[in-house]
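Work from the hints to combine the two standalone chains into their complex.
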Amino acid sequence: DQQVKQNSPSLSVQEGRISILNCDYTNSMFDYFLWYKKYPAEGPTFLISISSIKDKNEDGRFTVFLNKSAKHLSLHIVPSQPGDSAVYFCAASAYNQGGKLIFGQGTELSVKP
Amino acid sequence: EPEVTQTPSHQVTQMGQEVILRCVPISNHLYFYWYRQILGQKVEFLVSFYNNEISEKSEIFDDQFSVERPDGSNFTLKIRSTKLEDSAMYFCASRTDISSGANVLTFGAGSRLTVL
Numbered sequence: 001d002q003q004v005k006q007n008s009p010s011l012s013v014q015e016g017r018i019s020i021l022n023c024d025y026t027n028s029m030f031d032y033f034l035w036y037k038k039y040p041a042e043g044p045t046f047l048i049s050i051s052s053i054k055d056k057n058e059d060g061r062f063t064v065f066l067n068k069s070a071k072h073l074s075l076h077i078v079p080s081q082p083g084d085s086a087v088y089f090c091a092a093s094a095y096n097q098g099g100k101l102i103f104g105q106g107t108e109l110s111v112k113p
Numbered sequence: 114e115p116e117v118t119q120t121p122s123h124q125v126t127q128m129g130q131e132v133i134l135r136c137v138p139i140s141n142h143l144y145f146y147w148y149r150q151i152l153g154q155k156v157e158f159l160v161s162f163y164n165n166e167i168s169e170k171s172e173i174f175d176d177q178f179s180v181e182r183p184d185g186s187n188f189t190l191k192i193r194s195t196k197l198e199d200s201a202m203y204f205c206a207s208r209t210d211i212s213s214g215a216n217v218l219t220f221g222a223g224s225r226l227t228v229l
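Protein chains in written order, with this note's numbering: chain Y, 1 to 113; chain P, 114 to 229.
Isolated chain P (complex conformation) (with noise of 0.2 Å):
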């Protein structure tokens, strides 16, 4: 069964360093996303992308983010300056078509990411 693979599984950083998390999306897939988790909270949603670029994204989406689709298969999220606070597990989705009528994101295993 196709999967979103995303790599690292952990990355362990210091506070100021940027940090870059990627994703394989599902090879046939058109929408991709980017959402975390905060330990014991619920899944946010932090953007999403369409045709090589952004089409929606959050509050926490700040300036210190940004995602690119470099290559065709790639998907990454880059975080320019790690804060404390941005220690959670980074998870990246994919999807076909938002007008086949099923909303249906796969999810990868997510990428956790620890900032000292």
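Only chain Y is shown next, with the shape it has when bound in the complex (with noise of 0.2 Å):
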């Protein structure tokens, strides 16, 4: 049961160039999107989030895009920084279901100097 895909398990991307991380979603019921980034060892720690009722939210660095007719995110990294690698992982939840998250596979981001 694969309702959050991260199809993409690792991405190299040069310092100061844009990293782009995707993810795929199939129940419609999502109506509020998360990225997490983890280091090894480390829990999950909230990097940024965005509604259902918005196709954009951008904090710093970091840009999610939603996509609701494709059922798609991504999140943009501009510019990637060697302290941004680490595995970032997509997840969603529907008010319906108690706040539970459901999380895709995540993506092992590599910054390169």
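No lab work stands behind these hints: they were computed from the structure.
Glycine residues also receive a C-beta, built at the ideal position from the N, C-alpha and C atoms.
Just to be clear, a hint being listed does not mean it is correct.
To be verified - Estimated spans, in silico, between C-beta atoms of each pair: (1) P:K191 <-> Y:P9: 28 to 36 Å; (2) Y:P40 <-> P:K191: 20 to 28 Å; (3) P:G185 <-> Y:E42: 23 to 31 Å; (4) P:T209 <-> Y:R61: 21 to 29 Å; (5) P:T118 <-> Y:G60: 26 to 34 Å; (6) Y:P113 <-> P:I167: 45 to 53 Å.
Rendered as structure tokens:
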């Protein structure tokens, strides 16, 4: 039951360039989407989110885009920095599901100096 | 910044033994969750807890698992008789109020469980 999918297990980007991480979902009841960042041996840390009533949310170097018709969201990091190297998880929730988050498989981002 | 704390950070146990993982959620949070991540796999929902009772549980959360909030601050996950496949990183998470519209869960650093 893969309601949230991140099809790229890894991504390598040069420092200063744009990183684009993608996420697809199947459940049309999802109304809130989040990106979490995870370093080894740590818990997921919230990065940025977007409500289904919006198509874009920006916070500094991080921007999340939502395409509801395609059931697709993406995280853009510009410019990428070596400290951004981590595993990025896309997550989704539906209001009628008690706040439970459904996670994707994660994409490991490596930003090379 | 308030944080969710989990103990122990790593526990090694023999198959069939009982394990209790402990969590102290953020103090004004009302909703509590346990998730797990088997090595190399996705973070999976186990159970949610609100108002001193389970609000939802996944298929993974079978009769071997239980949760409780014994003293108003700790939130525990008990595995009665551990199996090899229970080896994973277990994450506790909490959030304030789902009606706020900002469904951001704050996660702890995790407890690594190794079942031998």
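Each hint, compared with the structure:
no.	hint	verdict
1	P:K191 <-> Y:P9: 28 to 36 Å	holds, 33 Å
2	Y:P40 <-> P:K191: 20 to 28 Å	holds, 27 Å
3	P:G185 <-> Y:E42: 23 to 31 Å	holds, 27 Å
4	P:T209 <-> Y:R61: 21 to 29 Å	holds, 27 Å
5	P:T118 <-> Y:G60: 26 to 34 Å	holds, 28 Å
6	Y:P113 <-> P:I167: 45 to 53 Å	holds, 47 Å
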